[in-house]
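Residue numbers (numbering that gives the first Met the number 0), protein chains in the order written: chain C, 0 to 236; chain G, 0 to 236.
These aren't lab readings, by the way, just hints derived from the structure by calculation. Ideal placement from N, C-alpha and C gives every residue a C-beta, glycine not left out. Honestly, I wouldn't trust all of these hints.
[Stated by the list, open to error] Calculated cross-link-like contacts (lysine-lysine; reagent style BS3-like; alpha-carbon spacing at most 30 Å):
#: 1; chain 1: C; residue 1: 109; chain 2: G; residue 2: 149
#: 2; chain 1: G; residue 1: 109; chain 2: G; residue 2: 170
#: 3; chain 1: C; residue 1: 149; chain 2: G; residue 2: 170
#: 4; chain 1: C; residue 1: 141; chain 2: G; residue 2: 220
#: 5; chain 1: C; residue 1: 149; chain 2: G; residue 2: 149
[Said to hold, decoys possible] Okay, the calculated beta carbon distance ranges per label pair:
#: 6; chain 1: G; residue 1: 20; chain 2: C; residue 2: 176; range: 47 to 57 Å
#: 7; chain 1: G; residue 1: 19; chain 2: C; residue 2: 100; range: 20 to 30 Å
#: 8; chain 1: C; residue 1: 160; chain 2: G; residue 2: 20; range: 37 to 47 Å
#: 9; chain 1: C; residue 1: 228; chain 2: G; residue 2: 215; range: 50 to 60 Å
#: 10; chain 1: G; residue 1: 54; chain 2: C; residue 2: 233; range: 21 to 31 Å
[Said to hold, decoys possible] Derived list of chain C stretches under chain G, where covered just means 3 residues or more per stretch with a C-beta under 8 Å from a C-beta of chain G:
#: 11; segment: 16-24
#: 12; segment: 71-77
#: 13; segment: 97-107
#: 14; segment: 132-144
2 protein chains.
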Amino acid sequence: MSMLRGSSERITCFNCQHRERSEWGVLTEKELQGLDSGKICREYFPGEAIFLEGDPCLGVYCVERGLVGVRKTDAEGNSVLVRIANSGDTLGYRPFLAGDVHRGTAEALKPTIICAISGSTVRRLLAENPSLGLQFLERTAKALGDAEEKYFQNVTLPVRARLAHLLVVLKDRYGTVAEDGSLTMELPMSRQDLAALIGTRPETMSRAVRQFEEDGIAQFKGRKVHIRDTRDLLAEL
Amino acid sequence: MSMLRGSSERITCFNCQHRERSEWGVLTEKELQGLDSGKICREYFPGEAIFLEGDPCLGVYCVERGLVGVRKTDAEGNSVLVRIANSGDTLGYRPFLAGDVHRGTAEALKPTIICAISGSTVRRLLAENPSLGLQFLERTAKALGDAEEKYFQNVTLPVRARLAHLLVVLKDRYGTVAEDGSLTMELPMSRQDLAALIGTRPETMSRAVRQFEEDGIAQFKGRKVHIRDTRDLLAEL
DNA sequence: CGCCAGGTTGATTTCGCTCAAGCAATGTGG
DNA sequence: CCACATTGCTTGAGCGAAATCAACCTGGCG
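Based on the provided sequences and hints, a complete structural model is requested.
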């Protein structure tokens, strides 16, 4: 099931759904032409790697469709999910802008289409259009705030509260609220990825999920979650 | 002991020792004039606050001399030291660039001189000179990498290794290496701040320090540290 | 002097990790 | 089509690192 063949039209930056909401929204028609010709699009299947920890950073990546996770792994095999990128998100810009190698491994979590933009193209666009740099600047600053917040929560909050917080965050993107105030969502990733996302182990995640069920806060069936009352969740923060 | 009165010359951006190594190094003479006139300098004493969590972000701050710590505190009084800023560092740029309020409280850890630069000044300079934005961009991207690294270490490494790592980082700025390869340094902060910096409790920090002494890796006397052989420290990472 | 914040130390508890086993769903080869 | 690996998830038992609780130093300072 190739998504690329599925649609008859070629992927271009001009008809990209996400462009306006992304950093690239500030580009002129002419610059957009440069971006479009400086990119290579490809499909990735779940589990497939987009780049590896330690790889030289050759450019940035746009997630056209799908879902990508970025992991850090140490020698003992400890793995932490540092970031997840949805369609419309830009990926790998951190090491590119810092002049660093990739410090995490990116892999598709779902069938995903990625547009890879060469470093020289990005550099040229940054020089041509100062607004682009400011867009990236704002985005990076926001990400820095999120990273610090995540660190803080990891240090101060127990697993249960961290899970509650994670569910609240995921709700905004993946949840749908019913008329009675209850919430349903399809989690975009496996249990062990949920665990890695809040810096804990799969076993601990499993127990935390069970606790929430026993306390009547949420029901889990596979990747489906149903939450009676969102306020119960907020009370855990 | 006012450091401001101590030196007869006024603090200007023109004779600032740190300018070349800071983001502001890319400014032209004319722009520098704008920066200089858009700032207000002031001395802060240890413990004194520069800005508070939740404060609207009015601009950015330059540490002319001294040392500043940025803390996050939660309702239960849990406190984590998110960042320390030395002379030459810029402070508060994250919330400013992200259009956020301050998410941490900054306080002087030593007698400190701060130049506060108004938001309108920074915005004007960013618009005038695109290189300035790129400087901030690179710096922010590096900080983001550091933050993710710190998160990762906190999740995967025990306190002992985190302390070893912290000492290695502090060594670069505060340590002096003797001819025999031994290292001496004066720690710039209290024990509880060291603890807060690696996300642990003062008691645990105390025990970790003791362990290092018992294992003959380092000697601590107040804020003075002596390390026989730096390789012992690196072996702990 | 007494006070107090910062630091150390000991005793106890607890949260989350490790190890180990079992289970369901999915895939694979004979 | 069935025996079987394989993979992801759950559950239990035990352990251990660090937090908590509590007492007690220590040095600086009014």
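Tested hints:
1. C/109 <-> G/149: holds, 28 Å
2. G/109 <-> G/170: Judged against 30 Å, a Cα distance of about 18 Å means the pair holds.
3. C/149 <-> G/170: Holds. Residue 149 of chain C to residue 170 of chain G sits at ~27 Å (cutoff 30 Å).
4. C/141 <-> G/220: Cα-Cα ~40 Å, so violated.
5. C/149 <-> G/149: Answer holds: residue 149 of chain C to residue 149 of chain G is near 11 Å, not above 30 Å.
6. G/20 <-> C/176: 47 to 57 Å: About 51 Å separates the Cβ atoms of residue 20 of chain G and residue 176 of chain C, which means 47 to 57 Å holds.
7. G/19 <-> C/100: 20 to 30 Å: Taking Cβ atoms as reference, residue 19 of chain G and residue 100 of chain C lie about 27 Å apart, which means the hint holds.
8. C/160 <-> G/20: 37 to 47 Å: holds, 41 Å
9. C/228 <-> G/215: 50 to 60 Å: holds, 57 Å
10. G/54 <-> C/233: 21 to 31 Å: holds, 25 Å
11. 16-24: n = 0 at 8 Å, threshold three: violated.
12. 71-77: holds (count 4)
13. 97-107: With 5 residues in contact (Cβ-Cβ under 8 Å with chain G), the coverage given for the segment 97-107 of chain C holds.
14. 132-144: holds (count 11)
This entry does not satisfy hints 4, 11, going by the numbered hints stated previously.
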